[in-house]
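Note that the protein sequences, when read in sequence, are chains A and B. Our numbering applies: residue 1 is where the first sequence begins, and numbers increase by one. Our numbering applies: residue 111 is where the second sequence begins, and numbers increase by one.
Calculated from the structure, these hints are not laboratory results. Any given hint might turn out to be false.
Covered, in the sense of this in silico footprint (three residues per stretch, anywhere, with C-beta under 8 Å from a C-beta of chain B), are these stretches of chain A [stated by the list, open to error]: (1) 14 to 27; (2) 42 to 54.
Now the in silico label distances, taken between C-beta atoms and shown as ranges [stated by the list, open to error]: (3) L75/A to T119/B: 41 to 47 Å; (4) P171/B to L75/A: 45 to 51 Å; (5) R50/A to P171/B: 31 to 37 Å; (6) F179/B to K109/A: 43 to 49 Å; (7) V44/A to P171/B: 44 to 50 Å; (8) R60/A to T130/B: 36 to 42 Å; (9) H57/A to R125/B: 25 to 31 Å; (10) G126/B to T64/A: 44 to 50 Å; (11) N181/B to N30/A: 27 to 33 Å; (12) G16/A to R125/B: 44 to 50 Å.
Part of the chain B face toward chain A, derived, beta carbon under 10 Å [what the hints assert, rightly or not]: (13) V114; (14) H139; (15) P172; (16) F174; (17) S196; (18) L198; (19) S205; (20) Y213.
Just so you know, even glycine gets a beta-carbon here, dropped at the ideal spot from N, CA and C.
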Amino acid sequence: SQQGEEDPQALSIQEGENATMNCSYKTSINNLQWYRQNSGRGLVHLILIRSNEREKHSGRLRVTLDTSKKSSSLLITASRAADTASYFCATDYSNYQLIWGAGTKLIIKP
Amino acid sequence: ETGVTQSPTHLIKTRGQQVTLRCSSQSGHNTVSWYQQALGQGPQFIFQYYREEENGRGNFPPRFSGLQFPNYSSELNVNALELDDSALYLCASSSRPGTDTQYFGPGTRLTVL
Numbered sequence: 001s002q003q004g005e006e007d008p009q010a011l012s013i014q015e016g017e018n019a020t021m022n023c024s025y026k027t028s029i030n031n032l033q034w035y036r037q038n039s040g041r042g043l044v045h046l047i048l049i050r051s052n053e054r055e056k057h058s059g060r061l062r063v064t065l066d067t068s069k070k071s072s073s074l075l076i077t078a079s080r081a082a083d084t085a086s087y088f089c090a091t092d093y094s095n096y097q098l099i100w101g102a103g104t105k106l107i108i109k110p
Numbered sequence: 111e112t113g114v115t116q117s118p119t120h121l122i123k124t125r126g127q128q129v130t131l132r133c134s135s136q137s138g139h140n141t142v143s144w145y146q147q148a149l150g151q152g153p154q155f156i157f158q159y160y161r162e163e164e165n166g167r168g169n170f171p172p173r174f175s176g177l178q179f180p181n182y183s184s185e186l187n188v189n190a191l192e193l194d195d196s197a198l199y200l201c202a203s204s205s206r207p208g209t210d211t212q213y214f215g216p217g218t219r220l221t222v223l
């Protein structure tokens, strides 16, 4: 079973626009992470947000966490062609196991 | 600083065969996790190794086994391959056991015919 579920499954926007994707999860967590994957290859860590944090920024990325709603969002501002990728959220299911959603496929149109 | 590397990049096997996948962790990292990612899905946790011991395991049968060596590199072995084992196998290393930030290798694409 999947702990995290991303929404939407796919998103297509124009270069320069902002992209927002959401993640919902089912049980309480210690942390939530966002990763990017290009063309079915290795994943790249973007941001880790802990359960006692509400918002975190990294460059053009902004992540929010609402533990009362068991949800998180990833905002990418001023999108670029290089942002085209799949984005995954992962939550800690146990002390050693991350549970992943099926991802949001983001396409940036020139 | 050397990143996570995996070998081979691609592999084709037939049903019933056995396969070994290899991973070298990022320098300074003592923990390795293995994941299976089917096409169009998120990664599924197989197991995690810390200091040569299995630290935790996901919902995978015993024919999926692993090793971690003193230099913290790792192997994933899969016996009696099934068609459903066709997937991208990802290795990730981290500086401590648990669920903090993980650094992924490029993956090994396994096709079982």
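Each hint tested on the structure:
1. 14 to 27: It is violated, with 0 qualifying residues against the three required.
2. 42 to 54: holds (count 5)
3. L75/A to T119/B: 41 to 47 Å: The hint (41 to 47 Å, Cβ to Cβ) is violated, given that L75/A and T119/B are roughly 34 Å apart.
4. P171/B to L75/A: 45 to 51 Å: At roughly 40 Å between Cβ atoms, L75/A and P171/B fall outside 45 to 51 Å, so the hint is violated.
5. R50/A to P171/B: 31 to 37 Å: holds (34 Å)
6. F179/B to K109/A: 43 to 49 Å: Once the Cβ atoms are compared, 46 Å apart, the range 43 to 49 Å for K109/A and F179/B holds.
7. V44/A to P171/B: 44 to 50 Å: This hint is violated: roughly 30 Å between Cβ atoms.
8. R60/A to T130/B: 36 to 42 Å: holds (40 Å)
9. H57/A to R125/B: 25 to 31 Å: violated (49 Å)
10. G126/B to T64/A: 44 to 50 Å: Between G126/B and T64/A, where Cβ atoms are some 48 Å apart, the hint holds.
11. N181/B to N30/A: 27 to 33 Å: Holds: the Cβ-Cβ distance is about 30 Å, inside 27 to 33 Å.
12. G16/A to R125/B: 44 to 50 Å: The hint (44 to 50 Å, Cβ to Cβ) holds, given that G16/A and R125/B are roughly 49 Å apart.
13. V114: Hint on V114/B: holds, closest Cβ of chain A at ~8 Å, below 10 Å.
14. H139: With Cβ-Cβ at 13 Å, over 10 Å, it is violated.
15. P172: At 17 Å from the nearest chain A Cβ, P172/B fails the 10 Å test, so the hint is violated.
16. F174: violated (14 Å)
17. S196: violated (13 Å)
18. L198: holds (6 Å)
19. S205: For S205/B, the interface hint is violated, since the closest Cβ of chain A sits about 12 Å away, which is over 10 Å.
20. Y213: holds (7 Å)
Against the hints set out earlier in the document, violations occur for numbers 1, 3, 4, 7, 9, 14, 15, 16, 17 and 19.
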